[in-house]
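*Asks:* Sequence:
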Amino acid sequence: MGLKLPKDYKDKLDIMETQIAIKKLKDYFELRLSRELNLSRVSSPLFVLPETGMNDNLNGVEKAVNFNVPCLNNKNAEIVQSLAKWKRMALKRYGFSAGSGLYTDMNAIRKDEELDNLHSLYVDQWDWELVINKEDRSIETLKDTVEKLYRVFKDTEVFVCSLYPHIPEILPEEITFITSQELLDKYPGLDAKGRENEAVKEHGAVFIMQIGKVLSNGEKHDGRSPDYDDWELNGDILFYNPILDEAIELSSMGIRVDEESLDRQLRLAGCDDRRELDYHKMLLNGELPYTVGGGIGQSRICMYYLRKAHIGEVQVGIWPEDQINDCEKAGIKLL
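Residue numbers 142 to 476, in my numbering, belong to the letters of the sequence shown in order.
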């Protein structure tokens with residue numbers, strides 16, 4: 142995407158006010174999320190062993206950061222890239238029943254990210270997962286869950302704007318649902334990011350469904366690993382970001398694969414070798430709960446609600462020297 146420098150950018154809060162606001166915002170959102178979806182907080186791993194199959198390869202090209210562990214016979218451990226698979230194992234281990242679930246703080250390093258306004262090397266998000274019955278693996282369940290999440294987002298905006306009246310409310314009353322194919326049909330001359338930008342400019346908040354499958358133009362809207370989301374029952378929550386005049390993705394989520402969809406997607410993705418991993422064997426044998434879940438970017442929601450131009454204004458990171466200099470000239474104060 143590249144760095145964007147908004148013209149005449151003026152920060153809504155100074156650095157200390159921003160730090161205080163981040164704490165209040167995160168506390169409110171986390172509590173509201175847990176109540177809306179009936180989630181209990183649990184601890185989660187920072188790293189896993191790759192042979193368990195529990196780490197994610199995201200779009201299939203990112204390489205997990207790994208390190209050698211001498212006390213484990215020199216095995217390599219990997220920093221998690223997401224917790225989509227680990228959460229289903231945890232739900233089984235802790236004995237969660239349908240209608241209840243967990244959430245946790247997920248921290249990761251994604252060394253292959255291209256650094257810009259929305260992307261950093263460090264990922265901090267709330268990962269959540271909710272147990273459902275197999276018969277509830279449907280578009281209706283997916284939409285109902287998205288609408289519950291959207292209520293959390295709406296309430297959080299009201300909370301933040303009540304603390305800082307000079308930050309106006311901008312979210313629409315309802316979120317708009319559209320499939321990736323419908324989006325392509327509507328904007329055939331644009332690439333995926335261009336289509337997303339037009340959608341959020343029109344609707345303010347959208348949930349783009351069915352990400353990972355091949356569309357009529359022979360391309361995917363975006364990549365998705367074949368072994369956590371069901372490509373027919375997933376999607377991304379995107380809002381219009383008025384500071385950057387483009388879409389900002391705040392959550393990727395979906396109903397997770399069952400035995401049939403995992404079998405199909407492994408075949409389509411050419412990943413049949415994963416069938417021998419412990420996690421995948423359990424899934425194919427029907428030994429794990431059926432779930433819906435996702436991740437919600439913590440720094441990104443802070444960036445969105447506090448009307449920041451760069452994720453580095455709410456998250457400490459490292460950036461290319463030229464990006465630091467350009468941001469400083471544009472009034473963007475990176476932490």
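Treat the hints with care, since some could be wrong.
What the hints assert, rightly or not - No farther apart than 27 Å at their CA atoms in a straight line, the calculated lysine-lysine pairs in the DSS-like style are these:
no., residue 1, residue 2
1, K151, K252
2, K284, K216
3, K284, K295
4, K327, K275
5, K167, K151
6, K334, K252
7, K361, K342
8, K289, K233
9, K474, K148
10, K164, K334
11, K252, K216
12, K327, K284
13, K327, K204
14, K289, K165
15, K284, K145
16, K204, K334
17, K252, K327
18, K252, K275
19, K334, K289
20, K164, K153
21, K204, K165
No lab work stands behind these hints, which were simulated from the structure alone.
Note that this is a predicted model, so its numbers are computed, not measured.
*Asks:* Each hint: holds or not?
*Replies:* Checked hints:
Simply put, K151 and K252 have alpha-carbon atoms about 30 Å apart, too far for the 27 Å limit, and the pair is violated. Straight-line distance between C-alpha atoms of K284 and K216 comes to about 42 Å, which puts the hinted pair past the 27 Å bound. Only pairs whose Cα atoms come within 27 Å are accepted, and K284 paired with K295 is accepted, the gap being roughly 16 Å. As the CA atoms of K327 and K275 are separated by approximately 33 Å, the hinted pair breaks the 27 Å bound.
Between K167 and K151 the alpha-carbon distance is near 23 Å, which keeps this suggested pair within the 27 Å criterion. Taking the CA atoms of K334 and K252, the gap is about 22 Å. The hint holds against a cut of 27 Å. For the suggested pair K361 and K342, the alpha carbons sit about 22 Å apart, so the restraint of at most 27 Å is met. Taking the CA atoms of K289 and K233, the gap is about 24 Å. The hint holds against a cut of 27 Å.
Distance check on the hinted pair: K474 and K148 sit about 15 Å apart at the alpha-carbon level, within 27 Å; holds. A C-alpha spacing of about 31 Å is found between K164 and K334, which places the hinted pair above 27 Å, so the restraint is violated. For the given pair, K252 sits about 21 Å from K216 by alpha-carbon distance, which is consistent with the 27 Å threshold. Distance check on the hinted pair: K327 and K284 sit about 21 Å apart at the alpha-carbon level, within 27 Å; holds.
This hinted pair does not check out: K327 and K204 have alpha carbons roughly 34 Å apart, beyond 27 Å. For the proposed pair K289 and K165, the alpha carbon gap of about 21 Å is at most 27 Å, so the pair holds. Only pairs whose Cα atoms come within 27 Å are accepted, and K284 paired with K145 is rejected, the gap being roughly 33 Å. At roughly 23 Å between alpha-carbon atoms, K204 and K334 fall within 27 Å of each other, so this suggested pair holds.
Proposed proximity of K252 and K327 is contradicted: the alpha carbons are some 35 Å apart, above 27 Å. For the hint pairing K252 with K275, the CA-to-CA distance comes to about 36 Å; that exceeds 27 Å, so the pair is violated. Between K334 and K289 the CA atoms are separated by roughly 26 Å; this keeps the pair inside 27 Å, and the hint holds. For the given pair, K164 sits about 16 Å from K153 by alpha-carbon distance, which is consistent with the 27 Å threshold.
Straight-line distance between C-alpha atoms of K204 and K165 comes to about 34 Å, which puts the hinted pair past the 27 Å bound.
Violated hints for the displayed structure, listed by number in ascending order: 1, 2, 4, 10, 13, 15, 17, 18 and 21.
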